[in-house]
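First to last, the protein sequences are chains A and B.
Mapping the first sequence onto the numbering used here, position 67 (from 1) lands on 67, and the numbers just tick up by one.
Mapping the second sequence onto the numbering used here, position 440 (from 1) lands on 440, and the numbers just tick up by one.
Hints are computed from structural coordinates only; laboratory data are not their basis.
This one's a predicted model, so the numbers in the text were calculated from it and none came from an experiment.
Just so you know, even glycine gets a beta-carbon here, dropped at the ideal spot from N, CA and C.
Any given hint could turn out to be false.
[Claimed, not checked] Reference listing, derived: stretches of chain B covered by chain A, where coverage requires no fewer than 3 residues with Cβ under 8 angstroms from a Cβ of chain A:
no.	segment
1	34-46
2	92-106
3	248-259
4	271-283
[Stated by the list, open to error] Distance condition first, Cα-Cα at most 25 angstroms in a straight line; then the derived SDA-like pairs of lysine to any residue:
no.	chain 1	residue 1	chain 2	residue 2
5	A	Lys326	B	Tyr99
6	B	Lys133	A	Lys302
7	B	Lys380	A	Tyr121
8	B	Lys380	A	Ala467
9	B	Lys262	B	Lys210
10	A	Lys302	B	Lys27
11	B	Lys27	A	Thr386
12	B	Lys210	A	Leu117
13	B	Lys34	B	Tyr99
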Amino acid sequence: MNAFKFSLTFLLLAGLALAAGSCSKKADPNKLTSELLPVADNPLVSFHILLKVGSANDPAGKEGLGQLALGLLANGGTKTLTFQEITKRFYPMAAQVDLAVDKEMSVFTTTIHRDNLDKFYALFRDMLLDPGFREEDFNRLKADQLNFLEKTLVGNMDEEFGKEILNLALYKGHPYGHQDAGAVESVKSLTLDDLKSFYKQNFLQGNIVIGLAGGYPQGFPEKVLADFAKLPEGRTPALVLSLPQAPQGLEFVIAEKQTPATAISFGFPLAISRADDDFFALWMAVAHFGEHRQHLSLLFQKIREQRGQNYGDYAYAEHFIQGRDKFPATNDCRRQQYFSIWIRPLSNSNRHFVIRQALRELRRLVEEGISEERFNLVRTYLLNYTKLYAQTLGERLGWQMDSHYYGYQDFLAEVQQRLPKLTREDVNRAVKKYLNFENIRVAIITQDAVKLRDDLVADRPSPITYANPNMPKEVLDEDLVIQVYPLEVRPEKVRIAQASSFFQKPGLPQQ
Amino acid sequence: MLRVFALTAALLLLLGTPLGLRSQGSKVFPYDTKVEVLANGLKVVCVPLSNPNIIAYYTIVRSGSRNEVEPGKSGFAHFFEHMMFKGTKAVPRPVYDDYLTRLGAGTNGFTSDDHTVYFVVFAGRDNLEEVVKTEADRFINLYYDEETIKTEASVIEGEYYASVSSPERRLAELLRDTAYEKHSYKHTTLGFLKDIQDMPNQYQYSLLYKKRFYAPDNSILLVVGDFDQARLMELVKKYYSPWQSSNYQLVTPAEPPQHKAKRARLAWPSKTLARLAIGFHGPAFSDGKIDKAALDLLAEVAFSNSSPIYQKLVIEEQKCQDLFASFPDRRDPSLLTIGAVIKKDEDLPAVEKAVWQELERLKTELVSAELLSDIKSNLKYSLASGLDTSDGVAGTLFFYISLTADPGSLNKLFDLYDKVTPADIRDMAKKYFILPNSTTVTLTGGQAK
């Protein structure tokens, strides 16, 4: 018996809105839905309680509300138990509840041994359905969120800082255009009543998908659904997402701080997501160009392997959060996506060269496409590598849920079916249709920002030197081309701001 | 869906050892392990699981930054890990990359204090021979020239830069450098920056390093997943037998006892939360002696998120964003570290004082039997939650194999945990948590530019 049939049996027996292995499109949008993946003999049970509300739903002036309100559920007490008491009860079970907030959805995840399922679930249920909204929890989590924005993100993690600046730049004036944790000013203004209102307005049945996988006992999903069915029916009105403003030429945002290394992220909004047929072809091209941390990647080969500039260089056809190992995380689906390139920190002295090099490689991809040989190699790679994506219970459940979000029965199975039918021409057509090398937003963290701006605007040559005195001739010859590769950078398109000025208010800081 | 359902069902049928922890006497690591040793000393640990698709193939080289005992060579184990991807004369780098790409494997290497580990996680038992053959080839016949090493050295510098904005990294470096006098645990796996910058000049040393440590008598294969053991051993013998033993005996300098408390501080150039780390010299990993096991439990008693001091400083008073104890298992005596992330610089002395008060309390008060039972339960369920895939099993087991070369060490350790008494915990607190044995490092931030 496979899981699909197994859960269908449940569905028939229980007569509830249980959906497993099938899209839940026909379900009443104001009522709960579920995603089940029973694996009868597995001793573990994974929960993914997904809320179709994310940081994009934060009202203006209250950016960071969703993160703080949901954080209070995952890390706060219930009406009857303090968070301290919950922590003590979780401890012998090695239980914890994780929360991830993205733009349009948020998810509470946990995996528990079935020995402890009933004890754990009773606590978990009350955390989500009967939260305590205690002042002391609120104060603690608000302070943590402010410290994250003001100190940790800006001072301690430049790679993430760079990606977040890119997000602010890509989605200026758009519901996606603030950090998921908000901004210092907006988070400071949040009150416990704001969180209670958020809960009342958003913890509605139609917003919630109950994801369950593993060796849970018969009747358990029905119990969970009956508990969550006590929430009011209804749903948060769908957000209207305008199209993000397209970049006009090369637009730079430089965060200035004292640092020996420069972090770079750049990209542009895409008019395509995993839901579109063309995605498969575009995804293949981007895998060729920069699939995460694989030697296959062209950027990785040219910037890291040939020239030793940094630790790695990657490209993505959609928003990417790293899950286990190097695989994509799940439950961060979006209706609007973006293309991005991530250049890991490199010596400040080589920053201008590498910006040129990455943009030149992007131009070559757009203009020349990929070769038949690379096309075949990338296809073989993706057909095999994606077999590793869904190994743990949580990964399998996450992929099942995401497949349904984007309208597939099983996205990874779809990959196996669609890729063999694609041609090199399909891929190169998608590249020309969706990618470009001229209208791009670039986020940089570096020191001496004014010098970088002047170098960019004057289009000064940017030669580099190597520790290896015997670099291959073809590399040195190509360097001569790269170091003068023309970038049309207009002075008004380079915005410089002190690192400490970011995330004080939602959106980009004033220059 | 079918795949993993079949895995778990078949696992239970074949092994008859469910992961449930209720039954008395069941082992926390429930799978059968089979061990064979080749004539050249290469040990092979097999954990056959009837996963219909995935095989985790790990090569454990029992050499890490612990082996960097010579001056100027810090970071070399990690550097050499990078060189292991450079190909051989038979399979040059582009061919090797092409093979990995076609295989679509999850593959990488990582280095720690005591080991460097290479893994290839792939789908399909039909690919097993290709993997065994190619992995054996690169371990036996690795080839690179002086130019290659110079370019790769700058990648390592880039890796150092990637972590340069992390206060934890800098604080860990300072703690080790201050706490250790002689032992190679004095430096982190990445190494000192000055040694990283000298790596382009270390071609000859890299050849010596490989000869000493990348040898079958210093390496262990761990293969977990869907394969036939007899077939695997046939392939391993065929491809790994030419690998020459090294017989090199590493002598790590003994760390002298510390008789005087040490302190150091680090100023961070921008705004940051303050950090405190107090390190105590402790024992090496052992699956037979009680000290390390008792200290593992003690660390949980004192500093887990359910402990009184965590509840006080993190949840109630909210002076700290985080508070933890860390005592990783190491082959040689290493540091038990208590760490705190503190919201206001001015609270740093109060947090340090509270940590010491807690340690003093443990020297006199006995832990309740109930709490000890909760901790043992936590450790067992934490372990069990990672054992549901081939990669999860390999990713758990390799660590203990690297420590002792014995896959049975994991269960022996948990047997030892069961024997730890409240008196053992009190005695360990008295023995190790004394001021002259401590090294305290702090980090505070300035104004962001």
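Each hint tested on the structure:
Here's how the segment 34-46 of chain B fares: 0 of its residues keep a CB closer than 8 angstroms to some CB of chain A, so the rule of at least three is not met and the hint is violated. Counting residues of the segment 92-106 of chain B whose C-beta lies closer than 8 angstroms to any C-beta of chain A gives 9; at least three are required, and the coverage claim holds. For the segment 248-259 of chain B, the proposed coverage by chain A is not satisfied: 0 residues have a C-beta within less than 8 angstroms of a C-beta in that chain, short of the threshold of three. Proximity of the segment 271-283 of chain B to chain A, defined as three or more residues with a beta carbon under 8 angstroms from a beta carbon of that chain, is established by the 3 residues found.
Our distance criterion of 25 angstroms between C-alpha atoms is met by lysine 326 of chain A and tyrosine 99 of chain B, whose separation comes to about 19 angstroms. Restraint check for lysine 133 of chain B and lysine 302 of chain A: the C-alpha separation of about 28 angstroms exceeds 25 angstroms, so the hint is violated. Taking the CA atoms of lysine 380 of chain B and tyrosine 121 of chain A, the gap is about 19 angstroms. The hint holds against a cut of 25 angstroms. Annotation: proposed proximity of lysine 380 of chain B to alanine 467 of chain A is violated, straight-line Cα distance about 49 angstroms (limit 25 angstroms).
A distance of roughly 37 angstroms separates the Cα atoms of lysine 262 of chain B and lysine 210 of chain B; the hinted pair therefore is violated under the 25 angstroms criterion. Straight-line distance between C-alpha atoms of lysine 302 of chain A and lysine 27 of chain B comes to about 49 angstroms, which puts the hinted pair past the 25 angstroms bound. With a C-alpha separation of about 33 angstroms, the suggested pair lysine 27 of chain B and threonine 386 of chain A falls outside the 25 angstroms cut-off, and the hint is violated. A threshold of 25 angstroms between alpha carbons decides the hint, and for lysine 210 of chain B with leucine 117 of chain A the separation of about 49 angstroms lies outside it, so the pair is violated.
A threshold of 25 angstroms between alpha carbons decides the hint, and for lysine 34 of chain B with tyrosine 99 of chain B the separation of about 29 angstroms lies outside it, so the pair is violated.
Hint compliance for this structure: hints 1, 3, 6, 8, 9, 10, 11, 12, 13 are broken, all remaining hints hold.
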